[in-house]
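Trainee: Sequence:
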Amino acid sequence: MIEIPSDLHKDLVPLAFLLGSWAGAGVHDFPGSEKCNFGQETTFTHDGRDFLEYRSHTWVLDQDGNKVRPLESEYGFWRIDADRKVEVTMVRDDGVVEIWYGELAHKKPQIDVVTDAVARTAASGPYTGGKRLYGYVNSDLMWVGEKQTPEVELRPYMSAHLKKVVTPEDVERWAKALPDDMPDDGIAFFK
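Counted from 1, the sequence shown has number 108 at position 108 by full-length UniProt numbering; the numbering is strictly sequential.
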């Protein structure tokens with residue numbers, strides 16, 4: 001279910017499907033780095049201004065699904081204009097700062113973005129750009145990222161399947177929104 005908060009900036013309504021906290025797992029595979037399964041926690045929040053705030057933390061998982069160590073962290077801001085053009089500014093823990101541009105698909109919750117500018121610190125590894133696809137599928141958030149370096153052509157390197165995290169506040173809000181004439185037993189509701 002996609003909720004549109006009453007205090008969400010009107011320009012961000014097309015991105016409302018991203019809002020909330022998400023958690024799940026995925027696969028990381030890129031030449032020169034460890035191939036692994038990873039866990040991920042991501043949040044998209046807003047404060048009434050014309051952008052979404054984005055945070056993502058990933059960590060390597062062992063064969064039993066336990067956290068081993070951090071993998072990547074990102075922080076950024078997402079905007080969209082009246083023509084459904086998406087702009088993302090992002091900084092990553094490895095010393096990379098990026099500007100991404102793309103668009104929201106027509107009549108479906110899917111976003112394609114490509115790097116437009118990349119800045120790297122001396123400590124960061126080789127990186128020249130990337131592409132990402134985000135999609136809201138059956139109430140889940142899925143994404144795939146592609147990456148390129150001077151030595152490796154653009155290719156997929158990470159993908160994940162994330163589920164919405166439900167908080168106690170969400171449950172309380174949903175419970176208050178139930179109609180007063182609900183049947184006393186759950187069985188009668190389905191008759």
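Just so you know, these hints were derived from the structure itself, not from any lab.
Model, not experiment: these values are computed from the prediction.
Be aware that a few hints might be false.
Pairs of lysine-lysine residues, derived as DSS-like cross-links and limited to a Cα-Cα distance of at most 30 Å, are as follows [as the list claims (entries may be wrong)]:
#1 Lys67 with Lys163
#2 Lys67 with Lys164
#3 Lys131 with Lys85
#4 Lys131 with Lys67
#5 Lys67 with Lys107
#6 Lys164 with Lys107
#7 Lys164 with Lys108
#8 Lys85 with Lys164
#9 Lys108 with Lys131
#10 Lys85 with Lys35
#11 Lys10 with Lys131
#12 Lys85 with Lys107
#13 Lys35 with Lys164
#14 Lys163 with Lys35
#15 Lys10 with Lys176
#16 Lys67 with Lys108
#17 Lys10 with Lys163
#18 Lys85 with Lys176
#19 Lys10 with Lys107
#20 Lys10 with Lys35
#21 Lys67 with Lys10
Restraint-style ranges between C-beta atoms, simulated for each label pair [to be verified]:
#22 Asn37 with Val166: 22 to 28 Å
#23 Pro168 with Val13: 34 to 40 Å
#24 Glu103 with Gly125: 24 to 30 Å
#25 Asn37 with Lys10: 38 to 44 Å
#26 Asp116 with His9: 36 to 42 Å
#27 Glu169 with Gly129: 16 to 22 Å
#28 Arg173 with Lys35: 21 to 27 Å
#29 Gly125 with Asn37: 18 to 24 Å
#30 Asn138 with Gly65: 21 to 27 Å
#31 Val13 with Val68: 14 to 20 Å
#32 Asp93 with Gly65: 36 to 42 Å
#33 Asp83 with Ser139: 45 to 51 Å
#34 Gly48 with Val166: 31 to 37 Å
#35 Lys35 with Lys163: 21 to 27 Å
Think of the CB as a built atom: it goes at the ideal place given N, C-alpha and C, for glycine as much as any other residue.
Trainee: Now tell me if each hint is right for this structure.
Mentor: Hint check:
1. Among the hinted pairs, Lys67 with Lys163 is consistent with the structure: their alpha-carbon atoms are about 18 Å apart, no more than 30 Å.
2. Straight-line distance between C-alpha atoms of Lys67 and Lys164 comes to about 20 Å, which keeps the hinted pair within the 30 Å bound.
3. Between the alpha carbons of Lys131 and Lys85 the distance comes to roughly 15 Å, so the proposed pair stays at or under 30 Å and holds.
4. For the suggested pair Lys131 and Lys67, the alpha carbons sit about 27 Å apart, so the restraint of at most 30 Å is met.
5. Proximity of Lys67 to Lys107 is assessed by CA-CA distance (about 38 Å); at most 30 Å being required, the pair is judged violated.
6. Restraint check for Lys164 and Lys107: satisfied, since their Cα atoms lie roughly 22 Å apart, inside the 30 Å limit.
7. The hinted pair formed by Lys164 and Lys108 meets the criterion: a straight-line CA distance of about 18 Å does not exceed 30 Å.
8. Restraint check: the Cα-Cα separation between Lys85 and Lys164 comes to about 25 Å, which is no more than 30 Å; the hinted pair holds.
9. Between Lys108 and Lys131 the CA atoms are separated by roughly 19 Å; this keeps the pair inside 30 Å, and the hint holds.
10. A distance of roughly 33 Å separates the Cα atoms of Lys85 and Lys35; the hinted pair therefore is violated under the 30 Å criterion.
11. At most 30 Å may separate the alpha-carbon atoms for a hinted pair to count; Lys10 and Lys131 meet this at roughly 27 Å.
12. Distance hint between Lys85 and Lys107 is fulfilled; the C-alpha atoms sit about 14 Å from each other, no more than 30 Å.
13. For the proposed pair Lys35 and Lys164, the alpha carbon gap of about 26 Å is at most 30 Å, so the pair holds.
14. With a CA separation close to 23 Å, the supplied pair Lys163 and Lys35 stays within the 30 Å bound.
15. With a C-alpha separation of about 25 Å, the suggested pairing of Lys10 with Lys176 holds against the 30 Å cut-off.
16. Taken as a hint, the Lys67 and Lys108 pair is broken in the structure, with Cα atoms around 34 Å apart against an allowance of 30 Å.
17. For the suggested pair Lys10 and Lys163, the alpha carbons sit about 25 Å apart, so the restraint of at most 30 Å is met.
18. Distance check on the hinted pair: Lys85 and Lys176 sit about 36 Å apart at the alpha-carbon level, beyond 30 Å; violated.
19. Distance check on the hinted pair: Lys10 and Lys107 sit about 18 Å apart at the alpha-carbon level, within 30 Å; holds.
20. For the hint linking Lys10 to Lys35, the alpha-carbon distance of about 41 Å lies beyond 30 Å, and the restraint is violated.
21. A threshold of 30 Å between alpha carbons decides the hint, and for Lys67 with Lys10 the separation of about 39 Å lies outside it, so the pair is violated.
22. Between Asn37 and Val166 the Cβ separation comes to about 24 Å, which falls inside the hinted range of 22 to 28 Å.
23. With their beta carbons about 26 Å apart, Pro168 and Val13 fall outside the hinted range of 34 to 40 Å.
24. Range check, Glu103 to Gly125: Cβ separation about 29 Å, and the 24 to 30 Å hint holds.
25. Remark: the range hint 38 to 44 Å for Asn37 to Lys10 is upheld by a beta-carbon distance near 40 Å.
26. With their beta carbons about 23 Å apart, Asp116 and His9 fall outside the hinted range of 36 to 42 Å.
27. With their beta carbons about 39 Å apart, Glu169 and Gly129 fall outside the hinted range of 16 to 22 Å.
28. For Arg173 and Lys35, the Cβ-Cβ distance of about 41 Å falls outside the hinted range of 21 to 27 Å, so the restraint is violated.
29. The hinted window of 18 to 24 Å between Gly125 and Asn37 holds, with their beta carbons roughly 21 Å apart.
30. In this structure the hint that Asn138 and Gly65 lie 21 to 27 Å apart at CB holds, the actual value being about 22 Å.
31. At about 39 Å, the CB distance of Val13 to Val68 disagrees with the hint of 14 to 20 Å.
32. Between Asp93 and Gly65, the C-beta spacing of about 23 Å breaks the proposed range 36 to 42 Å.
33. Hint check: Asp83 to Ser139, Cβ distance near 27 Å, so the stated range 45 to 51 Å is violated.
34. The beta-carbon spacing between Gly48 and Val166, approximately 23 Å, falls outside the hinted interval of 31 to 37 Å.
35. With their beta carbons about 24 Å apart, Lys35 and Lys163 fall inside the hinted range of 21 to 27 Å.
The structure shown violates the earlier hints numbered 5, 10, 16, 18, 20, 21, 23, 26, 27, 28, 31, 32, 33, 34.
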